[in-house]
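If you want the building blocks of each chain, they are given just below.
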Amino acid sequence: MGPGGARPHLGANPAMMRALLLAAFSLLLQPTGAMAQSSQFKGWAAVSRELSIRLAPPGQPFDLDEFLPSRSMDELLGTWTTFGTEHRFRNGTPNALNMTIWHAALSGFAKAVGQSCTSPRLMFHERFLTTLHKLCTWPAPAAKDEGVLLAFWTSVMGYNASEHEYAAWRDFFLREYATEPATETVAAMTFAITMNPSFLLNR
Amino acid sequence: MQTVSRRDVIRIGALGAGTLVLAGTGPTAAADPDGDPHFFLLVVLDGGADPSYMFDARPLSMTQAGKIQNYLGEEPGVWRGSNGVTTLATRLVAPLRPFGDRFSVLNGVYMTPSFDGHLQNMNFLFSGSPFGGDSFIPHLNSPETGRPPGSLDAVLPTEPPFLNVNNHSSVVPLEPNALEQLAQRLRAAEPPRADDGLGRFVRSRIAAAAEGEGRMAAGARRMLASLDQAPDVHRKLAALRVPDGDIAPEPRAIALIAECFRLALSRSAIYVLHEQFDVHDADQAKLQPKLFTDAVARIAALFRALVETPFDAKRSMLDVTTVMVASEFGRTMRAPEMPIQATGTNHNQFANSILLGGKRIRTGLVIGASDLVDEEDAPSKAHLAMDPALEKVMGRPIDCTTLSVRPVRPEAFDIEDYLTIGSVVNTLYAAFCVPKARYRSNGRNLPAAPVLDGLLA
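Read top to bottom, the protein sequences are chains A and B.
Quick note: the first sequence, position 20, residue 20 per my numbering, numbers continuous.
With positions in the second sequence counted from 1, the corresponding number in my numbering is that position plus 1000.
No wet-lab data here; the hints were simulated from the structure.
Please note that the accuracy of each hint is not assured.
Sample of chain A residues facing chain B (criterion: CB under 7 Å; computed from the structure) [unchecked claim]:
| id | residue |
| --- | --- |
| 1 | Ser-38 |
| 2 | Pro-94 |
| 3 | Asn-95 |
| 4 | Ala-96 |
| 5 | Ala-104 |
| 6 | Phe-172 |
| 7 | Glu-176 |
| 8 | Met-195 |
| 9 | Pro-197 |
Between beta-carbon pairs, the in silico distance windows are [unchecked claim]:
| id | chain 1 | residue 1 | chain 2 | residue 2 | range |
| --- | --- | --- | --- | --- | --- |
| 10 | A | Ala-167 | B | Gly-1214 | 20 to 28 Å |
| 11 | A | Pro-57 | B | Pro-1435 | 53 to 61 Å |
| 12 | B | Ser-1204 | A | Arg-127 | 24 to 32 Å |
| 13 | B | Arg-1187 | A | Leu-129 | 28 to 36 Å |
| 14 | A | Leu-150 | B | Arg-1193 | 25 to 33 Å |
To list a few chain B residues with every Cβ distance to chain A over 10 Å, as calculated [unchecked claim]:
| id | residue |
| --- | --- |
| 15 | Thr-1145 |
| 16 | Glu-1180 |
| 17 | Ala-1239 |
| 18 | Thr-1293 |
| 19 | Ser-1316 |
| 20 | Gln-1341 |
| 21 | Arg-1360 |
| 22 | Pro-1447 |
Model, not experiment: these values are computed from the prediction.
Don't be surprised by glycine CBs; every beta carbon is placed ideally from N, CA and C.
Can you build the whole structure from these sequences, using the hints too?
In structure tokens form, the structure reads like this:
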């Protein structure tokens, strides 16, 4: 941005300037629909970082780009851009396209976590691996232990969701996946957590 | 700058024809069952392009008098509209001559009266507010228009313009190279499902978060609506055929946009030229002849591709698309305290130039004008009130009913005297049958900005 960048036009007389500034200030105060606040997606970089911190061995972050359906698609999931002194978050508002991409990418990630029950696809840190091994005995009763389920939920979700959200997730899988195989169940559990607004949206 | 070869044209035609036989996605049926498809293409000149290098030029005598820079160093010629109105145009617009009956020239268009920043004026163009908000693009895709909406409001086959217009709606970048792989991967993947237990559970948790007030609930509501549309978008993207990479960029973009329109994937497209017109520095300003040569060639290539790309068996893309070429504002005549032969230019929101053409637009016209037409021309008092240093040309008062410039010199500034971006957008609204409740006004407590009825076909 050059010398004539974002500034009120200075050619107007002082009375006009006062009126313009007042009008501009009034506009800022207006709670119009156009300015309504809405959470946006955290973006692929933030989600990758969070999952790496929670699940990957220290210093060995996941390379989750392999799960994106196409190169450059990370930008469509929410990204920071800079122009001059402006630093803005772009493409974070949920739309049909980024939802499609999130769905495809997180399905792939969840499938990889589920497949890790039989053949490791991702490198996990020790504590999560212990929880995963227990969960991978599903549908055995030991996998349905409250401590195991809560540890898995917390590992993936972090502390972003309410206890009520955890209970809804736990009850759904205990009821609907009671006899399903571990690979499918763990993948579905992971997918259900990562598609939750508490996981994907910035507060 | 690549040109369109005959081979390109044949390939694009074949691509269009290929789409006609895609199973279950017949283009006309998919795009608009009422048989009157209507789409929108916005071509953006990013950074504030100087209209004096295109359709609002000034005589060389004005440069010799030290009033306005002119690095082309040539006398402009006359561009005559079919309505008898003339404007001065540089030879740089010559590539657009073959399409001169396909668009109308609007000069002296007022952007925001009170700010001269890029962001504020680009916001103003899209949303009618310098602070941003909902873009007009989604309104063209609204069910209120009586047309079935496209899945997305707009696609951007190029880098997005300098603002987050795509944060306000389903206006999304779709870069052709990335899209090819996306379409392939989505063909192999299952669309989001709502008819199985897991899909229902995921949806139910988003729905639970969407209840109530606050940012999180609002975001979850958007997630929910987007998730409901995602299977449709998934299927359409999977069906998308991305044009070959060896076609020139402009016809390739139009071929891709045509695919998106045929599949009802989007109502609009935004194409941003990669030339940067923000020439504050003298060295940058001196490059304008080259910048405009390249940009005009691209605009001409886009028009040619619109004419030559079939939308369906009967209609070209230009037959079904309203086209607008615009920048966020024009530029000052020169910068203060720089010699006229080595000056850059700053921002001028008082006189922009816009090209409008295609479906529902009466073309070949010249509408509006800016003042200070030569070194002798004196400004009105209204001009002096807004621009005491006389750095900028300013739109001249216009009669929006007859589309003629009014021979008056207002004593005081009144926005309703001028041709405004609000009127341009409202004219687009009228062309797309957007309800009048959406129309922009030119300011608080003012009625809707007048529609330029004479510009509508």
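Hint check results:
no., hint, verdict
1, Ser-38, "holds, 4 Å"
2, Pro-94, "holds, 4 Å"
3, Asn-95, "holds, 4 Å"
4, Ala-96, "holds, 4 Å"
5, Ala-104, "holds, 5 Å"
6, Phe-172, "holds, 5 Å"
7, Glu-176, "holds, 5 Å"
8, Met-195, "holds, 5 Å"
9, Pro-197, "holds, 4 Å"
10, A:Ala-167 <-> B:Gly-1214: 20 to 28 Å, "holds, 21 Å"
11, A:Pro-57 <-> B:Pro-1435: 53 to 61 Å, "holds, 57 Å"
12, B:Ser-1204 <-> A:Arg-127: 24 to 32 Å, "holds, 30 Å"
13, B:Arg-1187 <-> A:Leu-129: 28 to 36 Å, "holds, 35 Å"
14, A:Leu-150 <-> B:Arg-1193: 25 to 33 Å, "holds, 28 Å"
15, Thr-1145, "holds, 19 Å"
16, Glu-1180, "violated, 8 Å"
17, Ala-1239, "holds, 13 Å"
18, Thr-1293, "holds, 22 Å"
19, Ser-1316, "holds, 27 Å"
20, Gln-1341, "holds, 20 Å"
21, Arg-1360, "holds, 26 Å"
22, Pro-1447, "holds, 18 Å"
Checked against the numbered hints above, the structure violates only hint 16.
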